[in-house]
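There are 2 protein chains.
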Amino acid sequence: MTDKKTTTAALLIIGDEILSGRTKDANLNHLAVWLGERGIQLKEARVIPDEEDIIVSAVNHCRAEFYYVFTTGGIGPTHDDITASCVAKAFGVPFGYHDEALRILTDYYGEQDLTDARKRMAMIPEGGILIDNPVSRAPGFQMDNVFVMAGIPKVMQAMLRDIEPRLEGGDKVLSRAIYVYRGESWFSALLEQVQNQFSGLSIGSYPFMNKGVFGATFVLRSQHEDVLEQALKLLQQGIEASGEEWHEGEPEKDPRWSGSPMNN
Amino acid sequence: MTDKKTTTAALLIIGDEILSGRTKDANLNHLAVWLGERGIQLKEARVIPDEEDIIVSAVNHCRAEFYYVFTTGGIGPTHDDITASCVAKAFGVPFGYHDEALRILTDYYGEQDLTDARKRMAMIPEGGILIDNPVSRAPGFQMDNVFVMAGIPKVMQAMLRDIEPRLEGGDKVLSRAIYVYRGESWFSALLEQVQNQFSGLSIGSYPFMNKGVFGATFVLRSQHEDVLEQALKLLQQGIEASGEEWHEGEPEKDPRWSGSPMNN
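Chains as they are written, first to last, in my numbering: chain Z, -18 to 245; chain W, -18 to 245.
Hints listed in this document are in silico derivations from the structure and should not be mistaken for laboratory results.
Incorrect hints may appear among the rest.
Which copy is meant is left open, because identical chains are indistinguishable; a pair holds if it fits in one copy or across any two.
[Unchecked claim] Here are the simulated SDA-like cross-link-like pairs (lysine to any residue), alpha carbons at most 25 Å apart as the crow flies: (1) K135 to Y90; (2) K5 to A139; (3) K(-14) to V74; (4) K100 to Q178; (5) K234 to R147; (6) K135 to E145; (7) K214 to V37; (8) K(-15) to G2; (9) K(-15) to L111; (10) K5 to Y160; (11) K135 to G193; (12) K100 to R27; (13) K214 to R84; (14) K(-14) to G150; (15) K153 to D97; (16) K214 to W167; (17) K192 to A39.
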């Protein structure tokens, strides 16, 4: 088996409003999918409050632990936007106005309307590299392996376009899914046996209900195409040997089973 | 100002499928709101993979740091369901069959159909107290201040009904919101000034776009009703003094602004 390159990432979702339940996060899933498509594996996500000590220590923990760190939220013009100054503190560098950021904001608002509050959005840690914000101009920034983005999904997604060329992806995790109309426990031993036969393979088992019938989806994941194909074949044969049928892909979602896609 | 009681909580969302983007988490927001209504403040949420070391250390970190810990995911009948054994390891106690859990599963599946795989769902850490699952029977459990729940939202929500009487809520965080049709930066100094005048008050500022017009919602949060009322009055007066109008509550969501409620 040839060696594969694994690139990891963590996401820090910063904001009291997510933890109070006022706002539903919409960035985690988008970023997870987007990173996966680029060969970067999201390994942890943390939702943390707008509190300096907590942000600083989470940034420092994650930038040491993971190849990339992404943050969302807390970079606006008001007193509760403290992410940028916390990142400066985490890196132990001065925090001040960035010339290019000031120019961008002056162009956008005009000299007259560039109030002190708006000017705050041009303050970034020394050594930071701007991230373009084509939606509402106020930039994000990159410090080393940490990418600081806005929390508004539309702005965050737009910032990813500027970030993309800076990222070095590893080998993608490939996945294949099949499903059965039978409880997952029926295949428990088979799943474990197939997984244990290959290194670099993980099999997830996810129950579902579709049109009133219970079933389970088995998702095989590996960076190795050949491992995936062999494991899939073994699993399919095992299911057939037990007298059951398998179907390719994932079943349609049944909205009656839960308000949204299932966690399990 | 009379002393208020604060009860904190953390949520561990356990599952590769959330981090890979296959599944959208639906439990964080539900739990955040549910806890808030019961006077318990969610202070952190972590999404972590199905990996023993990571789960064990996250459980041990959070149960020391927060008053309550909730986990979702990883308690089914297949090889990738390792939450229960990880919690046993975190507490350093034996992991084995629970008589009452076995009885529940035998009643549900029948002696004949209680396969070894299904029996796994009756294994819990020694000293654990069952959490009733009226949807699909396989119970969750409580170990000290840690509540282990299913990941499927419908099951997780049903389990909360059995958990509720065991929780000791603190004083609720009360909130009031007003909004303006003007950029938040306009009120940046005012917001900071009002917040700094009261201890135990936090003000969040959240930009929005509604029918093509930008604005901002200001959310005041405190455990003290009187603080909230005084702060709200000051904020309203400040807005009026600047020649602007405020509106009570939150504006309607504009779906064109983002696919879902905004993070910021």
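Q. Where does the structure disagree with the numbered hints, that is, which hint numbers, in rising order?
A. 3, 5, 7, 9, 12, 13, 15, 17
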